[in-house]
Every structure is written in structure tokens, then in C-alpha cells.
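Chemist: Quick note on numbering: numbering that gives the first Met the number 0 labels position 586 of the sequence shown as 585, and the sequence is numbered without any gaps.
Treat the hints with care, as some may be off.
As a list, the in silico PhoX-like pairs of lysine-lysine whose alpha-carbon atoms are at most 20 angstroms apart [unchecked claim]:
1. 676 <-> 226
2. 826 <-> 809
3. 127 <-> 80
4. 186 <-> 226
5. 127 <-> 102
6. 86 <-> 22
Simulated DEER-style distance windows between Cβ atoms [as the list claims (entries may be wrong)]:
7. 318 <-> 260: 49 to 57 angstroms
8. 363 <-> 312: 31 to 39 angstroms
9. 259 <-> 404: 46 to 54 angstroms
10. 261 <-> 633: 43 to 51 angstroms
11. 474 <-> 404: 57 to 65 angstroms
12. 366 <-> 316: 22 to 30 angstroms
13. 662 <-> 260: 34 to 42 angstroms
14. 780 <-> 304: 51 to 59 angstroms
15. 189 <-> 814: 18 to 26 angstroms
16. 366 <-> 273: 43 to 51 angstroms
17. 443 <-> 306: 25 to 33 angstroms
18. 214 <-> 679: 50 to 58 angstroms
19. 115 <-> 633: 22 to 30 angstroms
Calculated directly from the structure, the hints in this document are not laboratory data. Just so we're clear, the structure is a prediction, and the values are computed from it rather than from any experiment. By construction, the Cβ of each residue, glycine as well, lies at the ideal position given by its N, Cα and C atoms.
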Amino acid sequence: MRLTAYLFLSPSLFSTVNLLDSKASQGELGWISSPSHGWEEISGVDEHYTPIRTFQVCNVMEYSQNNWLRTNWIPRNSAQKIYVELKFTLRDCNSIPMVLTCKETFNLHYLETDEDQGSKFREHQFSKIDTIAADESFTQMDLGDRILKLNTEVREVGPMTKTGFYLAFQDVGACVALVSVRVYFKKCPFTVRNLAMFPDTVPTDSQSLVEVRGSCVNNSREEDPPKMYCSTEGEWLVPIGKCLCNIGYEERGVACQACRPGFYKASSGNVKCSKCPPHSYTHQEGAVHCGCEKNYFRAEEDPVSMACSRPPSAPRSVISAINETSVILDWTWPADSGGRKDVTFNVVCKRCWPGPRQCEPCRGAVRFLPRATGLTNTTVTVVDLLAHTNYTFEIDAQNGVSSLAPTVRHYAAVTITTNQAAPSAVTVIRKDRTSRNSISLSWMEPERPNGIILDYEVKYYEKQEQETSYTILRSKGTNVTLNGLKPDTNYLLQIRARTAAGYGGSSRKFEFETSPDSFSISSENSQVVLIAVSSAVAIILLTVVLYIVISRFCRYSKSKHPDEKRLPFGNGHLRLPGIKTYVDPHTYEDPSQAVHEFAKELEASCIAIDKVVGAGINLIAYLLPLPDKKTTTAVVKAIKRADWTETIVKNAHVYSKPVMIVTEYMENGSLDGFLRKHDAQFTVIQLVGMLRGIASGMKYLSDMGYVHRDLAARNILVNSNLVCKVSDFGLSRVLEDDPEAAYTTRVSQHQHEHLRLAKSMLTLSYSTELNGLTIFSPQVIKAVDEGYRLPPPMECPATLYQLMLDCWQKDRNNRPKFEQIVSILDKLIRNPSSLKITASTASRPVNLLLDRTSTDITSFHTMGDWLESARTLPCKDAFRGVSYSSCDTLAKTSAEICLTEVRPAATCPEWEPSMGITTL
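With the hints as extra help, turn the sequences into a complete structure.
Modeler: Below is the structure:
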């Protein structure tokens with residue numbers, strides 16, 4: 000059983016539960032006094048003149064006093080540690096005349112039992128808690144003036160394991176009055192944090208924190224599981240996770256309250272309810288959206304925060320500009336856009352006849368430039384209309400809610416009549432028959448004749464004459480035969496149609512060649528021959544391709560084992576015992592083969608992207624719920640642009656298929672942001688545990704032969720269990736077989752070492768970049784070269800600061816390896832007391848943790864061990880003859896001896912305030 004007792008400074012700062020309070024009793028307490036003439040229960044008043052029951056004893060006129068006072072049985076409830084608060088007065092022995100025996104202290108004892116033992120009382124069964132002494136004592140003069148100096152002492156007892164306990168007070172000859180006794184225990188009280196309720200929690204009697212899961216308040220849901228930790232002192236620490244108010248509810252104080260009428264909230268989250276947007280309303284509490292007023296609407300894709308709107312009014316001031324069979328329409332924006340910016344226009348074309356108004360939709364090849372619907376500008380050109388024809392154009396104004404409004408069209412109309420126009424050009428000409436001296440042609444009527452075609456003009460000439468000498472024929476129909484031609488000669492031909500409006504445009508130049516033979520071949524037969532030849536060529540090419548593919552496949556199947564296709568890396572493969580061989584994709588003809596050898600491929604059907612959680616320069620991170628682990632998530636890193644054929648990141652390639660990497664999902668993100676967010680919320684042992692995880696990860700990389708080259712808090716990820724892991728290997732590389740090989744740059748090794756030290760310690764207001772290194776001013780480099788090192792951070796344990804100094808050694812060979820750092824941190828974790836000594840800004844010996852001849856602070860299990868070690872230092876003479884009973888005694892002794900008598904440092908160089916003795 001462990002028993003601890005010490006002065007508790009501020010019990011009022013914590014939530015407490017009373018197990019006993021003698022001041023609350025209105026009658027006799029009924030405590031047992033042994034012997035009966037020892038402690039006496041009397042009535043009195045406290046410092047506020049409130050009636051109370053007290054016990055007093057003052058048998059100083061007799062020798063050998065041993066007076067006991069035992070409380071009633073006290074159930075401990077759920078407490079493991081209890082606190083005893085005593086308020087008492089004590090008389091100064093020197094103020095009592097003719098005294099035979101007198102003490103100025105009394106003893107506090109306790110006894111654990113599982114049941115009430117009634118009046119049975121055995122002194123030897125009790126265990127002593129502490130000797131209680133008074134800070135203030137009173138004299139006979141104080142009695143005359145009625146000024147009694149009240150003392151208050153608090154002691155801690157635990158751990159408690161049985162159902163209840165007794166307290167006992169032993170007087171050995173003092174004149175003391177026990178004014179009040181209060182027994183209580185601490186608890187983490189019920190609280191609401193981040194909309195999560197945490198119940199009353201009694202801490203355990205251990206060094207670890209009690210994790211408590213919170214429950215969301217009414218009308219809220221979990222975003223991240225809410226958790227807090229209850230410390231042994233009854234304090235809530237490290238709130239993690241939170242709850243979000245449901246839709247229709249907002250956070251007010253520590254609860255989620257329904258939105259008031261006229262307000263709404265459409266999404267969950269801890270934001271306030273919003274006022275209904277214009278032209279909308281709600282008369283109920285807890286609204287998730289606001290309804291639209293009459294004749295106002297909200298489109299399906301409109302957010303609920305958008306004002307309700309209505310269809311636009313009709314376009315205004317339509318004007319037309321006619322040019323033969325085309326027209327340009329222009330109009331003015333509607334006077335009322337309906338409160339929206341997505342107004343577009345549709346143009347409807349109708350062909351009309353004289354007389355009673357008869358119209359039908361335009362048909363044929365009428366074209367709208369740029370288009371007929373969805374226009375965002377207020378102009379459109381209509382072409383390819385018929386000549387001498389009446390048209391009506393209706394221009395509709397539309398917006399995002401027009402389809403929701405009643406079927407009332409808001410449009411403007413204009414009627415035009417096209418002018419007379421020549422026919423369009425002939426586009427289709429066929430060669431029917433050819434001979435040595437003639438050719439037969441036929442063609443299609445123009446697509447837009449624009450009237451009755453009177454005839455066609457056929458113009459032809461020898462190609463080599465270049466139109467210097469040509470012949471013109473006219474045909475009433477759509478065919479003609481050209482005679483008197485030269486055999487085996489190329490001719491060019493054009494055709495145009497004529498109406499009452501004149502000639503239309505000429506067709507493109509049509510080339511033909513007369514035949515040297517007496518027979519002719521029709522164009523249809525020529526096409527059949529061409530198709531047959533093309534098919535034969537295609538079959539031959541396909542056969543050749545298949546042959547090449549099959550041959551390469553067979554050769555690949557007979558090639559060596561995949562491991563034999565690797566080219567050497569440096570002086571050979573980097574092979575370490577029990578570690579997978581490094582694979583360099585650049586040494587493969589097909590880099591994807593390297594990826595398959597080095598990594599495990601997942602089935603595409605197993606990947607279900609949930610949401611984007613972050614983005615980098617070339618990669619996007621997605622949240623991936625693994626199908627076989629319902630409570631586990633992972634992160635998928637994918638190339639941002641799938642059409643890239645190769646990235647600039649070394650040893651990573653992208654092909655026609657997107658390449659994705661699946662990694663562990665670290666819920667708390669980067670270490671630097673996590674520590675800033677939870678500043679001063681972690682214990683030293685938790686922080687050392689995080690450091691140990693980082694060092695362990697770097698040891699793993701070092702054992703594999705990797706150099707990270709960008710180790711920083713921003714590249715450390717933290718999961719929900721506060722486990723830290725190293726990430727971001729964008730700049731990493733593998734060392735070659737040479738164990739002395741190191742990362743080098745264009746600057747000298749001497750400069751590089753100093754720059755690394757300066758960069759790791761200082762951040763200046765100005766700097767320049769050279770080859771990826773930060774070059775600081777010469778003054779800083781000079782200071783580092785002369786031994787300057789940053790002072791320890793506030794509250795930094797001395798052992799951790801010494802580890803920093805070791806890592807900042809000028810000679811890199813003296814710096815600890817990651818394996819040594821892991822060992823040092825493990826030793827600190829196994830000996831938490833070694834972290835209680837805080838560092839100061841005073842100077843200290845270098846290389847302490849690595850120097851085997853120096854003192855290992857973590858090996859001191861007791862204060863006596865440390866003192867024995869200190870007595871071997873040059874201060875040993877000062878400590879000889881010094882006894883101690885507590886940390887306070889040692890602190891006072893050390894301050895007096897070493898900080899007053901032994902100073903300056905030349906007298907006692909190993910003794911510095913930074914050893915932290917006065918802070919134990």
C-alpha cells in the first residue's frame with residue numbers, strides 16, 4: 000500500500016465532494032475520545048461567529064500525554080484519493096507558566112475498513128499520515144484580546160481500496176483546539192465542451208489520464224468523437240472532437256436551440272441561423288429553409304440562401320436589318336430581370352402567308368448565328384432564308400425560374416419580308432460516263448434556288464490552259480454531255496444556276512480526265528474498285544501488326560526473372576538484411592513493372608473515394624473507407640491531372656491510367672498545426688512519447704539507408720492516439736554502399752555543416768536561397784562557429800535540452816545517431832522523474848547524455864541518490880554534514896551553500912542553477 004501526504008495549495012480551484020464536514024453538524028459529533036479525559040467536545044463559534052462543535056485538549060500540566068480522538072466511520076464512495084482539511088488553533092508553549100510537558104504539534108492517523116466497527120478502537124491499527132504543526136500560535140495576551148490565530152492544513156491520503164475509513168488525532172502534550180475537520184475528494188465535474196456533455200468523473204490514483212467519451216447535447220450530432228481526459232487533480236484536459244448542431248438549430252451557450260421564426264439553418268454546423276433571404280419567409284421554429292412568396296420561385300439548383308426570384312419581363316425595342324435572304328435581329332435587355340443574373344434569350348422563327356394570319360415553324364436550312372436558344376447577348380443573325388418570303392421572329396426572355404412560373408410567355412416579336420436573291424451554288428456534280436472525246440455530267444439543283452431556275456451555265460477548259468481559253472454551254476436541265484474533247488486530257492469545270500434575280504454562285508472546280516481507251520467506266524464501278532483495293536491494303540497491314548505483337552510477347556515470356564532485369568543502382572543494388580530491395584524505376588524499360596514489383600496493387604473496385612482532405616503540388620488526397628475495415632480509413636494520393644504522361648518527381652511516373660497511392664489516414668494532421676491548436680494541453684511525458692515516435696521512424700529510415708532531407712514538424716503526421724509518424728519523402732534519397740556517403744551540395748562541407756546548425760537554430764528576418772539551403776548572415780554563422788546555441792524553451796526538462804545540445808554538436812561525428820536518440824528517449828520515459836528538472840538559460844556541459852563518464856540524471860531514483868552523486872563533485876565539501884527531510888529542505892540548503900557560499904563558478908564549476916535543484 001502506498002501512502003502519500005503533502006500540503007495541498009489550492010483546493011478551491013477544483014470541484015470537490017465532501018465526505019465529512021464537522022462544521023455542517025448542528026448537534027454533537029459523537030467521536031470517540033481515548034482516554035475519556037483527553038479530547039473534549041465543546042460548543043463554540045468559528046471566525047464568522049457561527050455556532051460549531053469543536054474538540055480541544057490541553058493537558059500540559061501532566062507528564063506523558065497520549066490522547067486519541069477518532070471520528071465516526073466515513074464511507075469513501077468512489078474516491079481513491081481523499082483530502083483532509085484541518086482548521087485549528089494552538090497555544091505557544093512559552094506562554095504557558097509552570098508547564099510540565101508541552102508540544103506544539105499533533106499527529107494525524109487513518110484506518111481503512113470495509114464496515115463500521117462501532118466503538119471498537121485499537122491505536123496500533125492506525126497508520127500515521129503526518130505530524131501537524133501550526134504556522135501561527137497564540138499566547139495569553141491573544142486570549143485576553145480574543146484574537147485567536149486560525150491554522151489551516153490539508154493532507155492527501157491514498158490510494159483507498161476499502162469501503163470506508165476512520166481518521167484519528169493523537170495529542171502528545173499540546174494545547175490545541177480542533178475547530179473543524181473537512182474530508183473530501185476531487186472530481187472532474189460535469190461540463191459541456193464543444194456541445195458535448197462530459198459526466199462527473201473521479202480520477203484514478205495513477206499517473207495516466209482517464210479518457211472520457213462525451214455525448215452530444217440534444218439536437219446535435221458528432222462530427223468527430225468528442226473526448227476529454229480527466230487528470231488526477233480533477234481537471235479536464237485535451238478536448239478532442241466536437242458536436243455540430245443539427246439543421247434548423249443553432250448554438251446558444253452550451254445547447255442547440257431551434258431557429259426563431261423568420262430565420263433558418265440548412266446545414267449542420269456551429270453557425271448561427273440566417274435571416275430569410277428577400278421574398279421568402281418562415282413562420283415556424285427550426286426551419287431548414289424559407290418558402291417563397293407568391294409569384295416568386297427558387298430553382299432546384301439555387302442555394303437556400305438565395306433570394307426567391309421570378310421570370311423576366313419581355314425584351315424591348317426589337318430591330319431588324321435585312322440583307323437579301325439574311326437578317327440581323329437586335330433588341331434591348333428586359334426592364335425586369337426577375338432578380339436573377341442568368342437571363343437568356345430564345346429566338347423562334349415562323350414562316351407566314353398573306354391574308355388571314357397563317358404561320359408555321361421555319362423549315363429547311365435556316366441557320367442562326369451563333370444559335371437560336373440560350374443566347375446571352377442581345378443580337379442574332381439568321382441566314383439561308385427564302386427570298387420574297389414573310390417571316391415572324393419571336394424573342395423570349397428566360398431565366399432559372401421561368402419553367403416554374405405559370406405558362407405565360409414574355410416575348411417580343413418582329414415581322415420581315417426577305418428580298419429577291421440569286422440561287423445558291425451547285426454543290427453536287429456527278430461524272431456519269433467518259434470516253435476519248437466526251438464526258439457526260441449531271442448535278443443536283445441548288446439547295447436554295449430562291450425562285451424558278453431558268454438555266455444552268457457550264458464552263459470548262461483544259462487544266463493546262465489555266466482558264467485563258469474556255470468554253471461555255473447552257474442547259475435547261477441538270478445534265479449535259481461535253482463533246483469534242485481531247486483524249487487523255489485533264490479538264491476543269493464549274494456550274495452555276497440562273498433565276499430572274501441573276502446568276503448564283505459558281506460551284507467548286509470539278510476536275511475530270513478523258514479516257515485513252517474506247518470504253519468508259521462509270522463512277523459507281525470506280526468506287527467499288529477503290530473500296531476493294533483499300534480493304535486489301537487494310538488486311539495486309541493488320542496481319543503485319545499482329546505478327547509483331549505476338550513475336551514481342553513470346554520474347555518477353557522467355558526473358559529472365561524480373562529481378563534479373565534490374566540494372567545496378569550505383570555500385571549495385573542496395574540490399575539490407577530483412578529489408579526489401581530498393582527499386583529504381585528509371586532502370587526499367589517499362590517503369591510500371593518496377594512499381595508492381597515494389598508495391599502491392601489494390602483492385603480498382605476496392606477504392607471508393609469519400610472526400611478530398613488536402614491537396615499538394617502534384618497530388619490530391621482523398622479519404623478512402625476500406626471495405627474490409629468499417630472503422631478504418633485511409634488516404635489516397637492521386638495525380639492532379641490524369642493527362643500528364645510523366646511528373647518531375649523522381650522515381651514516380653504516370654501513364655494512361657491514374658496512379659494512386661494508398662496510405663494510412665492520420666486524423667490529427669501535421670504535428671506543427673496540432674501542437675499550435677492544443678498549446679499547453681499535453682504533459683511532458685506525452686510530448687516525449689511523440690518525440691520517441693518521430694525518432695523511431697527516422698531510425699527505421701536510417702536503417703534502410705534513406706536520408707529524409709526535409710525533416711520538420713510540418714512533415715510529421717499525428718493520428719487519433721497521438722502517435723507521430725514521419726511523412727513527405729519528396730526530397731528523400733538512398734545512400735550508396737559507401738557508409739560515409741552523405742548528402743552534398745555545391746557549397747563546401749564546412750560551410751554546409753555551419754549552415755545546417757544555423758538553420759536548425761535560428762529564423763532571421765531576411766535570408767536568401769542557394770541550392771535549397773538557407774544562407775544566413777555571416778554574424779550568425781560566426782556566432783554558431785564560436786559555440787553559440789539557443790537557450791532552452793520555457794519549462795523544458797534539462798535532459799531534453801541536453802539532447803538538443805548533443806544534436807547541435809559542431810563535429811557531426813559527435814552528434815547522436817537516431818538509434819541513440821531512441822534509446823535516450825526510452826530511458827527518459829521509463830524514469831519520468833528525470834523530466835521534472837527544468838533547464839535554465841545558464842551554460843551547461845556539452846555532450847552530457849552521450850558522455851559515459853558524465854552523470855546520468857535518469858538513473859537517480861531518489862533524492863538520496865542524487866545527493867550522494869553531488870557529494871562527489873567539487874561541491875562535496877559544502878554538502879558534507881547536510882541532512883535533508885524533504886525537497887524544500889534540500890532546495891534551501893542548495894541555494895544557501897552553492898548559490899551563495901560556493902559561487903562564483905570558478906570555485907564550483909559543475910554547480911549551476913540550471914541543474915534545477917530548487918525546482919524539484
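Chemist: With reference to the structure, classify each hint as holding or not holding.
Modeler: Hint check results:
Our distance criterion of 20 angstroms between C-alpha atoms is met by residue 676 and residue 226, whose separation comes to about 16 angstroms. At most 20 angstroms may separate the alpha-carbon atoms for a hinted pair to count; residue 826 and residue 809 exceed this at roughly 25 angstroms. As the CA atoms of residue 127 and residue 80 are separated by approximately 16 angstroms, the hinted pair is consistent with the 20 angstroms bound. Taken as a hint, the residue 186 and residue 226 pair is honoured in the structure, with Cα atoms around 17 angstroms apart against an allowance of 20 angstroms.
At roughly 18 angstroms between alpha-carbon atoms, residue 127 and residue 102 fall within 20 angstroms of each other, so this suggested pair holds. The suggested pairing of residue 86 with residue 22 holds, with an alpha-carbon distance near 11 angstroms, which does not exceed 20 angstroms. Hint check: residue 318 to residue 260, Cβ distance near 51 angstroms, so the stated range 49 to 57 angstroms holds. Distance hint check for residue 363 and residue 312: the Cβ-Cβ separation is about 33 angstroms, which falls inside the suggested range of 31 to 39 angstroms.
For residue 259 paired with residue 404, a C-beta distance near 31 angstroms fails the hint of 46 to 54 angstroms. For the hinted restraint 43 to 51 angstroms between residue 261 and residue 633, the CB-CB distance of approximately 45 angstroms keeps it satisfied. Evaluation of the 57 to 65 angstroms hint for residue 474 and residue 404 yields a pass: the beta carbon distance comes to about 58 angstroms. Distance hint check: the CB atoms of residue 366 and residue 316 are about 25 angstroms apart, consistent with the given range 22 to 30 angstroms.
Between residue 662 and residue 260 the C-beta distance comes to about 49 angstroms, which lies outside the given range of 34 to 42 angstroms. Checking the proposed 51 to 59 angstroms range against residue 780 and residue 304 shows it holds: the Cβ atoms sit about 57 angstroms from each other. The beta-carbon spacing between residue 189 and residue 814, approximately 51 angstroms, falls outside the hinted interval of 18 to 26 angstroms. Residue 366 and residue 273 have their C-beta atoms about 48 angstroms apart, which keeps the hinted 43 to 51 angstroms range intact.
Distance hint for residue 443 and residue 306: a CB-CB separation of about 57 angstroms, inconsistent with the stated range 25 to 33 angstroms. For residue 214 and residue 679, the Cβ-Cβ distance of about 27 angstroms falls outside the hinted range of 50 to 58 angstroms, so the restraint is violated. At about 59 angstroms, the CB distance of residue 115 to residue 633 disagrees with the hint of 22 to 30 angstroms.
When each numbered hint is compared with the structure, violations occur for hints 2, 9, 13, 15, 17, 18, 19.
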